[in-house]
Each structure stands twice: as structure tokens, then as C-alpha cells.
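First to last, the protein sequences are chains P and C. For what it's worth, our numbering labels the leading residue of the first sequence as 9, then goes sequentially. For what it's worth, our numbering labels the leading residue of the second sequence as 31, then goes sequentially.
Just so you know, the hints here were simulated from the structure itself, not pulled from any lab data. None of these values were measured; they are calculated from a predicted model. Take the hints with a grain of salt, since some may be wrong.
[Said to hold, decoys possible] Selected chain P positions facing chain C (in silico; Cβ < 8 Å): (1) 54; (2) 139; (3) 144; (4) 148; (5) 164.
[Unchecked claim] Below, simulated DMTMM-like cross-link-like pairs (lysine to aspartate or glutamate); rule was C-alpha separation at most 20 Å, straight line: (6) C/214 x P/106; (7) C/171 x P/81; (8) P/47 x P/81; (9) C/143 x P/156; (10) C/321 x C/353; (11) P/159 x P/148; (12) C/143 x P/138; (13) P/146 x C/148; (14) P/121 x C/244; (15) P/159 x C/174; (16) P/121 x C/151; (17) P/146 x C/151; (18) C/171 x P/152; (19) C/171 x P/138; (20) C/215 x C/377; (21) C/227 x C/244; (22) C/171 x P/156; (23) C/171 x P/155; (24) C/215 x P/160; (25) P/146 x C/174; (26) P/121 x C/148; (27) C/171 x P/154; (28) C/171 x P/100; (29) P/78 x P/34; (30) C/171 x P/52; (31) C/143 x P/160; (32) C/143 x P/100; (33) P/146 x C/147; (34) P/146 x C/138; (35) P/146 x C/144; (36) P/121 x C/459; (37) C/171 x P/137; (38) C/307 x C/347; (39) C/143 x P/117; (40) C/143 x P/153.
All residues carry an ideal CB built from backbone N, CA and C; glycine is no exception.
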Amino acid sequence: MSSSSSPMQSTGRKLKLKSKDDETFEVEEAVAVKSQIFKYMVEDGVSNGPIPLPNVNGKTLARVLQWCQKHADPTITEDELNKYDAGFIDVDQAVLYDLLMAANYLNIEELLKLACMRVADMIKGKSPDEIRRTFNIKNDFTPEEEEEVRKENAWALGP
Amino acid sequence: MEELAMLRQLVGQLQELLELYGSRPPHPLQPLYPLPLSQLHSQQHNRWCFLNVDDGSTDDYYSLIMAAGKSGSLKMLEPYKPPPAKKLRKERTRGKSSRTANSVEVMEQQIWKDFPEDLFEAVIARLPIATFFRFRSVCQKWNDLLNSQSFSQYCAQVPQGNPWFYTITHENVNSGAMYDPSLKKWHHPSISSLPNKIIILPVASAGGLVCFLDIGHRNFYVCNPLSQSFKELPARSVKVWSRVAVGMTLNGNSTIEGYKILWVGCDGEFEVYDSVKNSWTRPGNMPSSIKLPLSLNFRSQAVSSDGTLHFMRSAPEGIVSYDMATGVWKQDIIPAPLHLTDHTLAECGGRIMLVGLLTKNAATCVCIWELQKMTLLWKEVDRMPNIWCLEFYGKHVRMTCLGNKGLLMLSLRSKQMNRLVTYNVSSREWLKVPGCVVPRGRKRQWIACGTAFHPCLTAVA
Numbered sequence: 009m010s011s012s013s014s015p016m017q018s019t020g021r022k023l024k025l026k027s028k029d030d031e032t033f034e035v036e037e038a039v040a041v042k043s044q045i046f047k048y049m050v051e052d053g054v055s056n057g058p059i060p061l062p063n064v065n066g067k068t069l070a071r072v073l074q075w076c077q078k079h080a081d082p083t084i085t086e087d088e089l090n091k092y093d094a095g096f097i098d099v100d101q102a103v104l105y106d107l108l109m110a111a112n113y114l115n116i117e118e119l120l121k122l123a124c125m126r127v128a129d130m131i132k133g134k135s136p137d138e139i140r141r142t143f144n145i146k147n148d149f150t151p152e153e154e155e156e157v158r159k160e161n162a163w164a165l166g167p
Numbered sequence: 031m032e033e034l035a036m037l038r039q040l041v042g043q044l045q046e047l048l049e050l051y052g053s054r055p056p057h058p059l060q061p062l063y064p065l066p067l068s069q070l071h072s073q074q075h076n077r078w079c080f081l082n083v084d085d086g087s088t089d090d091y092y093s094l095i096m097a098a099g100k101s102g103s104l105k106m107l108e109p110y111k112p113p114p115a116k117k118l119r120k121e122r123t124r125g126k127s128s129r130t131a132n133s134v135e136v137m138e139q140q141i142w143k144d145f146p147e148d149l150f151e152a153v154i155a156r157l158p159i160a161t162f163f164r165f166r167s168v169c170q171k172w173n174d175l176l177n178s179q180s181f182s183q184y185c186a187q188v189p190q191g192n193p194w195f196y197t198i199t200h201e202n203v204n205s206g207a208m209y210d211p212s213l214k215k216w217h218h219p220s221i222s223s224l225p226n227k228i229i230i231l232p233v234a235s236a237g238g239l240v241c242f243l244d245i246g247h248r249n250f251y252v253c254n255p256l257s258q259s260f261k262e263l264p265a266r267s268v269k270v271w272s273r274v275a276v277g278m279t280l281n282g283n284s285t286i287e288g289y290k291i292l293w294v295g296c297d298g299e300f301e302v303y304d305s306v307k308n309s310w311t312r313p314g315n316m317p318s319s320i321k322l323p324l325s326l327n328f329r330s331q332a333v334s335s336d337g338t339l340h341f342m343r344s345a346p347e348g349i350v351s352y353d354m355a356t357g358v359w360k361q362d363i364i365p366a367p368l369h370l371t372d373h374t375l376a377e378c379g380g381r382i383m384l385v386g387l388l389t390k391n392a393a394t395c396v397c398i399w400e401l402q403k404m405t406l407l408w409k410e411v412d413r414m415p416n417i418w419c420l421e422f423y424g425k426h427v428r429m430t431c432l433g434n435k436g437l438l439m440l441s442l443r444s445k446q447m448n449r450l451v452t453y454n455v456s457s458r459e460w461l462k463v464p465g466c467v468v469p470r471g472r473k474r475q476w477i478a479c480g481t482a483f484h485p486c487l488t489a490v491a
């Protein structure tokens, strides 16, 4: 993320983004194209004015852009990147949820995978009942059906 | 009486095959043959009957029949029924404690209740296999995920971890036991789609699918042990059912693009099955530079590396390889290390390895060699820790190697003893494997044979 006062250059073109709470960000093209959405915009030449992002708030957008910057850095090693990712995604639920939604909306594949992996880690120890409560999922099995499914899959007991 | 007929048939096939390879039928065969069924059932023990062969020409498949025949356990061909819902107290508490350790965080419904439907599949694809099966009872949609195309795509994207091992144990000849090395747990599913009147054995695997061959080497079957996706392959065009070595490769990165299975016999005959066309073809002949008969080492599973299958042979010692793409056979003469027995090929990240028992005087050790591609010589790169090797001192040990890519499971057996160990080729880590005990059983099972496979929920046969 660069300050908004630096001039536009032909080699390091920048995109202007506006979060839903009206925060503006300027980001280099090479960093922004981690998001497929921005990639298409740049390719189609429609990246001139500030791009409004009504589904992402300023705080989340700042984090996402920071991640994109790190991942666009050619000097960083894979090990360093993995360490960075582990720390990056170790956040509280509310932040994680926002990051997940932003990555999904902006179509940033690697960030989405990272966030999904974290969610998987968080839910893997739960019981089916806890899962239903957490995600507000309706149990559409009859008690007999549920027992049947449970029995069929009982061989794979485990956390 | 049906069992006796089956046993007679198997024994007959065994004798035929042994005669084919010029060894005399081992001694225990004779008293076994004329025994009436009642006497078979009265045999108490389930021990291995050690065939007196030092050249390794007969292998565990036949020992299996012997042991199974002796104990009358050939009878156990009914599909395995899952145990009743009541768990042992140990299992219950173990399950509870590990659950609390993992779900430290209480997930607030306020945050997660609006989680978008289309992201569930991406998350579920990243769950441990065991958890996936537990979550199938959440709702109908989650139960049906195995049939979802998009879920399949997500599963194909998840990087592969450690393989699981599909094994045949000496007691349950037709329902495999599966070992999950990341949880160090044995699972005992029932694959009801596998034919239960004949004995079939796993011979190869690729992309989450396991290829089975029946004991008479007639029919091939392909199955995903996790989802029970199952297929019997069309019959091959051969007239003589001789012993074959089998290899399996994927056409692309996952089974979505199909797979190929190759069998090759000692007479140089071979065929390739293409899952896309669902047919066998003979893509040519073995070049004359490769001396026949091929004395294939059947104890060693074929190794698949980069689209090439490698088979181990013993005279001359070395490797015979087949490139699936070009259809070209080639051979490499590689002298085997001295005092070596029970050796099999393995592969890790492009490196070809050899695993075997090294016996000098009374000391036996498990050794790992790597093929030096420049010189075509085996170079020792690792050994099993000495403390473990001491257990075998002075004992006649046999070893079976399951899996041949990255992670290996070694089954080490002597008269009194049965040890299971896994070896990670890249991390050089040796780990003990908990004994395999069937639910409601107490006896540790002997692993007869098996193969490693990459657990893939959505691989389709």
C-alpha cells in the first residue's frame, strides 16, 4: 500500500480502491491483481477511477492488501511465506469471517484457501450438533435416517 | 462343503503355479489337502504357517491361504458388519478429550450463521477424512457431497498429505483394515461392494483408487476404499492365468482424467487397461533386448514415478521399466546388495529406493538404499534404529513392505513376533504402528499384504 500522494508512473501503475466505509487505498497493479476481479479490470482497461467495494470495510481491506503485497514480493522465500500466512490467519473469529468474505468477493484464490483451511481447523473437533448450531443448519434427517447415516459412517471414528 | 471345494480349488491353483515356477510344493501342503472340513475347523491357532522357502519364490499370499485354511477362517467371507453403537469406555473418553483439545474456541453463531452455502464445500474438502465422515450426519446436503462435482474439484485441489494403508489381515481376508498414519488409527470399514465369495488382494494404487486382483489372477477390480466406488474391469485376453505384476498410473493429476493399469507376466506378455476407453490393449511387444523369462520379483510392488512403472526382477538383478506415455520398455541391470532378503522397490520425489532385510550371521536389520542413477548401484542411506533391530537377533524374520511412495509400512514377522513400523523416506523417520485389532476383538492381526493409497473422498473407479 503506498501513500496517496505519489504520482502515477507508467511502469508502476496504481489502482484506487474505496472501501464500504469510504476509506481509500492506493495499491500497485502488480499487488492488486492477486484478486481476479482487479485482474480482469486491469486487462479490460476499466481501472481508472476509484473502484468502490461496497462489501468490504476499511480495516479488512487494509489487511487483505497487506497480504497481497507480501505475496506479490518476488524476494520472499516459500518458507517465509508459510510462516507469514500462519501468523496472518491466526486471528479472532470476527476478523477471520471478514477476511473470508473479502477473499471470496474479491476472488483471491490463495487467501480463500488459507481462510478455509483455518475454518476447517476450527470445526474439525465439533460434533454434528455443534456444527448445526454454529452455522444455523437445519437437520433435515428423521431420527431414524440420522441414526442410519451415523452407523454407516461409524467406522471412521475420530476427532 | 462349499468351503472345502473352494479350498481345494485354491490349493490346486497354488500347486499349479508352484509347478510353473519349478519349485516343489512346500511340505505343509500335503497334509492340508486331504483333511476333511471338520478337522480344519478344529485347528485352534491362527499362526502363520512358515513355508520353508529361502528364495522367496512363494510369498505371503500363499502363506495367507495356508493360515486361513488351517484355521478355517476362509469361512469369514461375509461382509463385515459394523459394531453396535455402544463404544468401549476407553474410546469414549479418548474421543471426548481430543475433541475438547481441538475445538478450544466456541464459535459464535452470531458470526457464522450467515456463512455462504457455496463456501461450505471448500471448507469441508479440507477436513481430516475421519471428520468428513462424522459430519455426514449434519444434513442431507453434507451427506450427499460425495456425489457433488464441485466438491470433487475442491478435493482435487487440496494438497496430498500422508497416504493411508489398505491391508488384508490374516483373519478377515475379505474386509480390509485401513491405517491412518496421521491419527495413528486403524479403521475397519466394510466394503460391501467387493465380491465376497472369492479372495481378492490389493496390488496397486493411484489417485485414491486401489486395484485388486483375485487370488487366481483372473479378474481385476478397482475400488475407492473410502467411498466404495467400485468397478470390475473387463476380462483380459489371456488364456493362461499365470502370475502377473501390476502397476497403475493416473492420466493427469487426479482420477477425473482417468487412469491406466498394466499387468506383465514372466513370459513378457503385457496389457494396458485404459479407464477412459474401459478396455485392455496390447500396445506392442517387449523388445528382444530384454531377456525372457522375466524373473519378476512379485513381492515388490511396481513403483510409479513420473508416468513410468518400475518392476523389480532377479535374474539378472535390476529393474525393468515401462513408460506409459511412449509405450517403451527398458531394463537396467543393478546388482543387489549382499545378504539381502525380502526386498522391495520404493520411490520418493523421483528417487528410486530399495527396502530390505540385511542378515549377517544372526543379526538382522532393515536397510534402505537409494539408486545412484549415474552408476546404477544401490547406496545404503539409512537403517532401522539398532534398538529395534535387536528384537530380531537370532530369529528368522520375514518382512513385507506396504506402500512404495514416500511413506512405507513394514510388517516384520517371526514365529513369536509381529511388528509394524512406518518409515518416512524424506524425513527418515521410523515410527511404531499400533497393533491392528478388529473391533470387539483382542488379538493383534498379522498383516498379510496391502498397499498404500492416497485417501481421496471423491476418486471414482
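Quick rundown of the hints versus the structure:
1. 54: Where the cut-off is 8 Å and the nearest Cβ of chain C is about 26 Å from residue 54 of chain P, the hint is violated.
2. 139: holds (5 Å)
3. 144: holds (4 Å)
4. 148: holds (5 Å)
5. 164: holds (4 Å)
6. C/214 x P/106: violated (36 Å)
7. C/171 x P/81: violated (41 Å)
8. P/47 x P/81: With Cα atoms ~17 Å apart, residue 47 of chain P and residue 81 of chain P stay inside 20 Å; holds.
9. C/143 x P/156: violated (27 Å)
10. C/321 x C/353: holds (18 Å)
11. P/159 x P/148: Holds: residue 159 of chain P and residue 148 of chain P sit about 17 Å apart, inside 20 Å.
12. C/143 x P/138: holds (12 Å)
13. P/146 x C/148: holds (16 Å)
14. P/121 x C/244: violated (41 Å)
15. P/159 x C/174: Judged against 20 Å, a Cα distance of about 16 Å means the pair holds.
16. P/121 x C/151: holds (11 Å)
17. P/146 x C/151: holds (17 Å)
18. C/171 x P/152: holds (17 Å)
19. C/171 x P/138: Within the cut-off at roughly 17 Å; holds.
20. C/215 x C/377: Given pair residue 215 of chain C, residue 377 of chain C is violated - Cα atoms ~24 Å apart, limit 20 Å.
21. C/227 x C/244: Satisfied, since the Cα-Cα distance of roughly 11 Å is no more than 20 Å.
22. C/171 x P/156: It holds: about 15 Å lies between the C-alpha atoms, which stays within 20 Å.
23. C/171 x P/155: holds (16 Å)
24. C/215 x P/160: holds (18 Å)
25. P/146 x C/174: Holds: residue 146 of chain P and residue 174 of chain C sit about 15 Å apart, inside 20 Å.
26. P/121 x C/148: With a Cα-Cα distance of about 13 Å, the restraint between residue 121 of chain P and residue 148 of chain C holds, given a limit of 20 Å.
27. C/171 x P/154: holds (13 Å)
28. C/171 x P/100: Roughly 28 Å separates the two Cα atoms, so the pair is violated.
29. P/78 x P/34: Roughly 16 Å separates the two Cα atoms, so the pair holds.
30. C/171 x P/52: violated (38 Å)
31. C/143 x P/160: violated (28 Å)
32. C/143 x P/100: holds (16 Å)
33. P/146 x C/147: Holds. Residue 146 of chain P to residue 147 of chain C sits at ~13 Å (cutoff 20 Å).
34. P/146 x C/138: Roughly 17 Å separates the two Cα atoms, so the pair holds.
35. P/146 x C/144: holds (13 Å)
36. P/121 x C/459: violated (29 Å)
37. C/171 x P/137: Holds - the C-alpha atoms of residue 137 of chain P and residue 171 of chain C are around 15 Å apart, at most 20 Å.
38. C/307 x C/347: violated (35 Å)
39. C/143 x P/117: violated (23 Å)
40. C/143 x P/153: violated (25 Å)
Checked against the numbered hints above, the structure breaks hints 1, 6, 7, 9, 14, 20, 28, 30, 31, 36, 38, 39 and 40 and satisfies the rest.
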